[in-house]
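Starting from the known structure of chain R, arrange chain F on it as the hints suggest.
Residues per chain are reported as follows:
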Amino acid sequence: MAPTKSAIPAVDGWFTTDGSPTLLGSRCRSCGTYAFPRETYFCRNPECDGQEFDEVPLSQRGKIWSYTDARYQPPLPYRAADPYEPFCIAAVELAAEKMVVMGQVVPGVGVDELSIGTEVELVTDVLYEDDDHEYIVWKWRPVSSGKHPGETDA
Amino acid sequence: MPDDKKVAVLGVGMHPWGKWGRNFVEYGLTAARAALADAGLEWRDVGFVSGADTIRNGYPGYVAGATFAQALGWTGARVASSYAACASGATAVAAARAQILAGLCDVALVVGADTTPKGFFAPVGGDRKDDPDWLRFHLLGATNPTYFALYARRRMELFGATENDFAAVKVKNARHGLANPNARYRSEVTTEEVLASPMVADPLRLLEICATSDGGAALVLASTDFARRHAGGAGFVTIPAVSTVTPRFPQTVIEMPNFATDSAVAVDGGIGTGFRHSIAHAAYEEAGIGPEDVDVAEVYDLSSALELDWYEDIGLCKEGEAERLLRDGDTAVGGRIPVNPSGGLSCFGEAIPAQAIAQVCELVWQLRGQADGRQVEGARVGVTANQGLFGHGSSVIVSK
Numbered sequence: 001m002a003p004t005k006s007a008i009p010a011v012d013g014w015f016t017t018d019g020s021p022t023l024l025g026s027r028c029r030s031c032g033t034y035a036f037p038r039e040t041y042f043c044r045n046p047e048c049d050g051q052e053f054d055e056v057p058l059s060q061r062g063k064i065w066s067y068t069d070a071r072y073q074p075p076l077p078y079r080a081a082d083p084y085e086p087f088c089i090a091a092v093e094l095a096a097e098k099m100v101v102m103g104q105v106v107p108g109v110g111v112d113e114l115s116i117g118t119e120v121e122l123v124t125d126v127l128y129e130d131d132d133h134e135y136i137v138w139k140w141r142p143v144s145s146g147k148h149p150g151e152t153d154a
Numbered sequence: 155m156p157d158d159k160k161v162a163v164l165g166v167g168m169h170p171w172g173k174w175g176r177n178f179v180e181y182g183l184t185a186a187r188a189a190l191a192d193a194g195l196e197w198r199d200v201g202f203v204s205g206a207d208t209i210r211n212g213y214p215g216y217v218a219g220a221t222f223a224q225a226l227g228w229t230g231a232r233v234a235s236s237y238a239a240c241a242s243g244a245t246a247v248a249a250a251r252a253q254i255l256a257g258l259c260d261v262a263l264v265v266g267a268d269t270t271p272k273g274f275f276a277p278v279g280g281d282r283k284d285d286p287d288w289l290r291f292h293l294l295g296a297t298n299p300t301y302f303a304l305y306a307r308r309r310m311e312l313f314g315a316t317e318n319d320f321a322a323v324k325v326k327n328a329r330h331g332l333a334n335p336n337a338r339y340r341s342e343v344t345t346e347e348v349l350a351s352p353m354v355a356d357p358l359r360l361l362e363i364c365a366t367s368d369g370g371a372a373l374v375l376a377s378t379d380f381a382r383r384h385a386g387g388a389g390f391v392t393i394p395a396v397s398t399v400t401p402r403f404p405q406t407v408i409e410m411p412n413f414a415t416d417s418a419v420a421v422d423g424g425i426g427t428g429f430r431h432s433i434a435h436a437a438y439e440e441a442g443i444g445p446e447d448v449d450v451a452e453v454y455d456l457s458s459a460l461e462l463d464w465y466e467d468i469g470l471c472k473e474g475e476a477e478r479l480l481r482d483g484d485t486a487v488g489g490r491i492p493v494n495p496s497g498g499l500s501c502f503g504e505a506i507p508a509q510a511i512a513q514v515c516e517l518v519w520q521l522r523g524q525a526d527g528r529q530v531e532g533a534r535v536g537v538t539a540n541q542g543l544f545g546h547g548s549s550v551i552v553s554k
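Keeping their order, the protein sequence lines are chains R and F. Using the numbering used here, read the first sequence as starting at 1 and increasing by one per residue. Using the numbering used here, read the second sequence as starting at 155 and increasing by one per residue.
Bear in mind the hints are in silico, worked out from the structure with no lab data behind them. Ideal placement from N, C-alpha and C gives every residue a C-beta, glycine not left out. Any given hint could be a false lead.
Quick look at which bits of chain F chain R covers, simulated, 3 or more residues with Cβ under 8 Å [unchecked claim]:
1. 276 to 285
2. 307 to 313
3. 505 to 516
Okay, the calculated beta carbon distance ranges per label pair [what the hints assert, rightly or not]:
4. Gly108/R with Arg282/F: 29 to 39 Å
5. Phe42/R with Asp281/F: 22 to 32 Å
6. Gly32/R with Thr229/F: 53 to 63 Å
7. Leu76/R with Gly474/F: 35 to 45 Å
8. Asp131/R with Gly273/F: 20 to 30 Å
9. Pro156/F with Ala81/R: 53 to 63 Å
10. Ala81/R with Thr345/F: 30 to 40 Å
11. Gly523/F with Val11/R: 50 to 60 Å
12. Gly227/F with Glu47/R: 44 to 54 Å
13. Gly474/F with Ala81/R: 48 to 58 Å
14. Glu55/R with Arg282/F: 20 to 30 Å
Here chain R stands alone, though its shape is the one from the complex (with noise of 0.2 Å):
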């Protein structure tokens, strides 16, 4: 039997992958506003020439603003199961951000278990896998539904 397989983020520093994840953001030390992923170097605000950034965690829970599916395999570079299970993507407002961050929905949720206003949660969940990893991304839950994605503690 093939050991365990390590799980690390499909991408570095855009989420916390811990017991409660959350995204990584920043906020600007000069206005405020918020980024997601984390601005580094420039603020998005045309009132402001702030250059410093605090990486910040997102709001951990928000409101569905729009929610789609994709039926049909993306092109690489997605890296699509095999055999391809669709699944749903949320764009999620979060209020204290005043932004929208959108996400996969976890599996086994579809578009009619969806409406717009929906309170979702940030969960982490495998992404994609090959031989030695799992590769974890974070996905919306619907707060209601109860499902477990199967959480790492990666």
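Using the frame of chain R, we list chain F on its own:
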């Protein structure tokens, strides 16, 4: 409309859209020669060549202006190449117009052409972990239709749009494109056929999402002084405005290829109008007209649902009224304000650098009364609207 902002459109030409699988340069050359013939001018009369770039065809695509100039035969004409995603063609028009208005040349040739791969647009190759366009495919599996579907779902939620409305846009555009010799898809479809086509990105179905196509389009532009001498008393169509504005911060609608919108926390007071709205309204302002002056529009129906967003964004109706406009038949040829008489992207598919130029070609044919089988009677003013990735978009006003 101020005369000092106008350039004349003396010639238009296209290579039919399709999936021909040949080198993009061939399509551009065919379109350029057609536009020159339409203008009654020779290639040697052109002082400035403005190419719209394609990023999927190697180095020649990045220097499209020079590539087309070489294909036509080096004459020493000045050259520029523009890349602005889906707005590349309009940016090439803007570059040519500026040269003409500055008095740097009398006649300019604008050309865009593309050869596209099958299926979803994917990012260009290589591992590029600092490129958001690569990362959105890799980390989210978010294709272009993903974003179109997010907007479509919003329309359903906010304005009560239905699957039947989205299908009706496709049915209308398919009918418009029937007689267009440059359209790739020329067959009628029924609402039932649209709704029976496979779901791609809920709520959008296969027949509601624009395909990727090969094609080429070209314009011969000239100063109005040159055009008056050349036309010898005959009228000509002009372009009084070209808008290629960027969005305004904070951009609160999620746009390709981003993972998130701008954050609005640092902005006091209300958030301004959206990007799509600002694109067309900058063109109206430049031309000194309003949406009520428009007789015909060509808008970027990347999806059937997105056409409805454009009705509102270009000011044909108020927010939330697009479905009523469609249901009343106002936007069909024969209606009050026909939209996409060419058949739109629905019948063409997208040949990225050629598409915004093709929109202008259609309006020129409409204003000249040469749009056989799809003519908007008495059209005197038209508007195009288009949006691409990374904050690019365009709107061109064409008038008689």
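Margin query: Name the hints, by number, that the structure is in violation of.
Written below: 3 and 13
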